[in-house]
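Since the structure of chain A is already known, use the hints to place chain B on it.
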Amino acid sequence: MPRLRDPLTPDDHALGDDNALVAVVEYGDYQCPHCAAAQPVVEQILARFGGRLRLVYRHFPLAEVHPVAAPAAEMAEFAGSRGLFWQMHQSIFAAQPRLSVPLLISLAAHLKLPPVAARDALASGTFVPKVQRDFSGGLRSGVNGTPTFFVNGERHDSPHGVATLSSAIHQAMLAARS
Amino acid sequence: MADILKKGTQAPAFTLRVTPDQTLSLDEFAGRRVVLAFYPADWSPVCGDQMSLYNHVLPEFRKYGAELLGISVDGAWCHQAYARENKLHFALLSDFEPKGAVATSYGAYRDTEGVAERALFVVDENRMIVWSYCSPIAVNPGADGILDALEELPSLGEEKCRG
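Those protein sequence lines, which keep their order, are chains A and B.
For reference, each letter of the first sequence is one residue, going 1 to 178 in the working numbering.
For reference, each letter of the second sequence is one residue, going 1001 to 1163 in the working numbering.
By construction, these hints were calculated from the structure, which means they are not laboratory data.
As the structure is a computational prediction, the values presented were derived from the model and not from experiment.
Check the hints yourself; a few may be wrong.
Derived, one-sided and incomplete: chain A residues facing chain B with beta-carbon distance under 7 Å [stated by the list, open to error]:
#: 1; residue: 1
#: 2; residue: 2
#: 3; residue: 3
#: 4; residue: 62
#: 5; residue: 64
#: 6; residue: 137
#: 7; residue: 139
#: 8; residue: 144
#: 9; residue: 145
Don't be surprised by glycine CBs; every beta carbon is placed ideally from N, CA and C.
So that you can see chain B by itself, here it is in the shape it has in the complex:
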């Protein structure tokens, strides 16, 4: 398994295609929390696949002030079809050209297969990685680790109240 970036590391910046004609940057989430879910490929043939599961966890992620981004090496058109088929309500980013560059910068690229690891990162409002986990590629890691990590962060509202 790859040596993915650990807690306490600055999350590498990126700009990736989110639809065939639009891009999305990590910088756009400044001041907010982001869950990055790298995964090998769209269209895994099971009904409880990881992205489909996370689609049902979005309200819980948002309760903790976190947005979810899915990232794989699939092209933007492929993501579009996959998101439509599974009625996904979050962005899928295309780490397509240069292939796997963003996954590589997070230590989450598998050179032999040419796909991203099943790697999870929770990035805080200061763009620091506060939790990361790499799952065996065939095992859907579920959402418990992400939810635990988000729960441990101080509530985003608290700091504003003090000021």
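Next comes chain A alone, as it looks inside the complex:
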């Protein structure tokens, strides 16, 4: 069973308590319809477990099939550099069917981020290394498509995908307590 090889770092985008019993790492692609479909489930899980869970999101853009996935990841990083990663993350998934580079810039403007700086960040590739680091780390950890979840370091392999994530988290919590 593949395990997460890149430990969580302060560079990661995380929700929930730093000392939570269970950490979930999601590798996702902003243009992947399965990732967008998993979004509401992930939000329900966050609401259910609250601070007892730590959620980390890392980028795994399949750029050859999803041409806007990499710029979208860079835009999320740009927003993250100004403290608005999760707001941008949600905005991008909500806008997925219409995603384009001009739309990414206007999402930035909606979040009161300077659109010129947003455009410059994409044009100069400021956040390309961060996105590539996430992607390479994901490959070495056995990410085999998107979304891929790791629950306390273990890849969540289930024919039902995200639908069984909640029970996997629950199991991990019981295991961590015992």
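Leaving out everything else, chain B in the frame of chain A:
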């Protein structure tokens, strides 16, 4: 699951169709490393399918001096359409006639379904299999095993420097 060829076995030679009018042989890669990825069929209905994923790993494979070849029993025209749709930048070989002969020679053919296993082989510059893995047919094995195997091989440049 099939009994695929193991580490330390000579990789069986093959010549397969790579486009409707061209063939490719394993011999053409003499002195280089090759990753052989047998898979059941083109057109699996997910965005992170195995070949599409490997398309994004090519730079990492090449960093280790390895080329990637995808092999299934699909015909060359089917491969062409599939590669175009997914913008694949590596060769897909057609183990079509006689059907599955190459997959069989690697122990990676499923007689009941008539398709190749999801089997991976890393072949070194001396045409030896240095790593192999057969995944359950429904599970995309990812790239971590291949990258680990390539990482363990000595760097190709080193031997030249000694001479």
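Consistency of the hints with the structure:
Here the hint on residue 1(A) is broken, as its CB sits about 11 Å from the closest CB of chain B, past 7 Å. Annotation: interface hint on residue 2(A) holds; nearest CB of chain B at approximately 6 Å, less than 7 Å. A distance limit of 7 Å between C-beta atoms decides the matter here; for residue 3(A) the minimum to chain B is near 10 Å, and the interface restraint is violated. Taking 7 Å as the C-beta contact cut-off toward chain B, the hint placing residue 62(A) at the interface holds, the least distance being around 6 Å.
Interface hint status for residue 64(A): upheld, as the beta-carbon distance to the closest one in chain B is roughly 5 Å, under 7 Å. For residue 137(A), the interface hint is violated, since its Cβ never comes within 7 Å of a Cβ in chain B; the closest pair sits about 11 Å apart. The beta carbon of residue 139(A) comes within 5 Å of a beta carbon in chain B, closer than 7 Å, and the hint placing it at the interface holds. The restraint placing residue 144(A) at the interface with chain B holds, with a minimum CB-CB distance near 4 Å, inside the 7 Å limit.
Hint status for residue 145(A) relative to chain B: holds, with the closest Cβ pair at about 2 Å, below 7 Å.
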